[in-house]
Amino acid sequence: MSGGAERRLPGHYLKAREMYSLPGLVEYRPVARYLFSAGQAQSRFLDGLKEGRILGKRCPRCGRVYVPPRSYCEYCMAPTSDWVELPGTGEVHTAVVSYISTFRERMEKPEIVAVIKLDAPGYTEGGYEFAGLFHKLCNIEPEDVMSGRAIGMRVKPRWRPPEERKGDVNDIECFEPIES
Amino acid sequence: MRPNIHVKSKVAVVGAGLTLFRRRMLETPRELAWEAASMALESAGLTLKDIDCVVIGTAPDAFDGVHLNGEYLADGAGGINRPTVRVYVGGGTGVFVPIAAWWHVASGLCRTVLAVAEEKMSPGHPHPQGVFAYIWDPVLERPLGPNLIWIFALEMRRYMHKCGARKEDIALVSVKNKANALGHPAAQAAARITVEDVLNSEVLVWPVNRLDISPVSDGAAALVLASENEARRITDSPVWVEGVGFTLDNTHWYNRELGYPRYVQYAARMAYKMAGIERPWREIDVAEPYDPFDYKELHHIEGLMLARPCEAPKLLKEGHFNRDGDLPTSPSGGLLGVGNPIAAAGVMKVAELFWQLRYEAGARQVKKPVHRGVAQAWGDLMQAGTVIVLGN
Amino acid sequence: MSWWKENVASRIRHYPGKMEVEKYVYTPGVHGLEQAKALKEGKILGAKCGDTIYVPPLTLCPDHKPGELVEVRGPWRVVTYTIIAETMDGRRLEKPEVIAVVKPDDAEGGLIHRVEADQVYIGMEVEPVFKPEAERKGTIDDILYFKPK
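Protein chains in written order, with our numbering: chain A, 1 to 180; chain B, 1001 to 1392; chain C, 2001 to 2149.
Among the clues, some could well be false.
Listed below are several chain A residues computed to face chain B (Cβ distance under 7 angstroms; list not exhaustive) [claimed, not checked]:
1. P68
2. E74
3. A78
4. P79
5. R104
6. V113
7. G148
8. I151
Please keep in mind that the hints were generated in silico from the structure rather than gathered at the bench. Glycine residues also receive a C-beta, built at the ideal position from the N, C-alpha and C atoms.
Same shape as in the complex, but just chain A:
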């Protein structure tokens, strides 16, 4: 046999209309609600956000600084005992322009999303891993992302007013360029 590479393969394709009119079609609406615990280290990190501070944890053995913080160093398998406060400034590692929502609907105003490599004084990382956050950028144009000007740009967090902070990642409204 020619390895099956040439033969007609099994399977029945359905057009959407055909599928919805099939006898025996079963539709089911899942109802699953969850409550996720942020855990020890992240809860403290979120408390910090509420106070307008970005906290990380340092591994006493290898010196890595973790943001978001973890209770353990995944390389040394040691508990990370020291809390460190970061200045919050950093540089854009990568950034993109999103035209679609979570459910793939078209958005009127595109969002700029980025990975921010945070300044972590005293942390001599190997260049591959770093302390960083995933967040949105503001005060920046889509053209800056497309031209590449945004990458490597120095940024700082724009905090929500203290009374609006809830202790979640959105207490930082976004990261914005540091005026030079």
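Given the structure of chain A, go ahead and fit chains B and C onto it with the hints provided.
Chains B and C only, in chain A's frame:
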């Protein structure tokens, strides 16, 4: 294989089977698994009675909408009343299935293994995107309202920045793979398109356009693996598993350099070491790197050390990775051309190497003589690498 | 080292989430499509594998091949049953429901379904009650319940 690892038996792939890959299919997931498994058995000239163990691969249960999906698929995959196991590392599952089958045989536990991967992406409504939302961290990522494509776009942008690659350089992968798939009987998205078509398709999350992405698919794929003694009895042209490798990084994807897939490199080093390969860029004749997005193929070619970091876009433009090039990549048409039923897509890539190394790929056969091939898959939050090296 | 004591946050924060899938749509499959058509006609099918008929029709016979679909006629009997006193969210039912495994004498396996009867016992002979033909969709709830014969 090098004697740096102790195995009870060498392992060969002796059969492969596929279903059509399509947007939605009438078949239930277990029927898809059965169709692919039956075809793989038939191509090896075996029946289920000849099979000792079964390995099943399928991505999150939430796609098929069936919990215990491995157990659910067991009868279709031929796993009833046999040692049966389901393996899962996200998108990396496809190549992890033959890797798991390999250790079942190499350890001496089983002489023959039926390895089956299935995915049905069509049950989740309104779009499987909603299911993908569950891969994000519930505390630090989901409150930002992310879309799955964000993470790929961020990685692609970083790769472009680091390597000076332009969107039109990357779009060539989509053009190549969709054209390669024209000869593939399972193909869902085979087409002759141009770089302009990719650039003019809908921008979803810049720099990702619609034609940069593989389609959503239903489908299944299966392989039969056997010990050396069994393989020589079954066929005159077994395809040997010469090396396997797999690694997992953490889920903190935004705490690492996105321009280079270290986890793929580590998995590749493990597989090459086992296969006795020192210069993969010269010793590998054909490759099936994982290509759910077009930039991913280039990213993975570099992780597999088939090109130096940032060199892949240049080699691509020179035709190095074409079907008649020096190192053809995704001659099947890949996920971009054939389709992406997640776990099944990885097994489809290994099946393609099996056919290429037996010179049975028909119109898709690469031009150069082939002795060794590598297939790879990637999974989850930029963290899982699975690699397999086959030789004839 | 008692790091968990050292690190105690002011309080552990929790975040709500829900399954973001609006609904799942399950196709009946090649085999199931025949069963669905039969249910619409008020028939229950089994799969004939050699000399044995399986109900519900197995997708695959023990020899890993699809069996021949044949109608099963019964008589059906209760194999085992349970009495449901509460709903899934813990509300007390006014009238307890009987859920049973019922099996036709001419087949193996059995269906799980409701039984409407004042009294139920193992071995009790029952028969299916179908919805009116116009309301049937080819799914298992085209059978409303089984009742004593």
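Hint-by-hint comparison with the structure:
| no. | hint | in the structure |
| --- | --- | --- |
| 1 | P68 | 6 angstroms, holds |
| 2 | E74 | 6 angstroms, holds |
| 3 | A78 | 15 angstroms, violated |
| 4 | P79 | 17 angstroms, violated |
| 5 | R104 | 5 angstroms, holds |
| 6 | V113 | 5 angstroms, holds |
| 7 | G148 | 6 angstroms, holds |
| 8 | I151 | 5 angstroms, holds |
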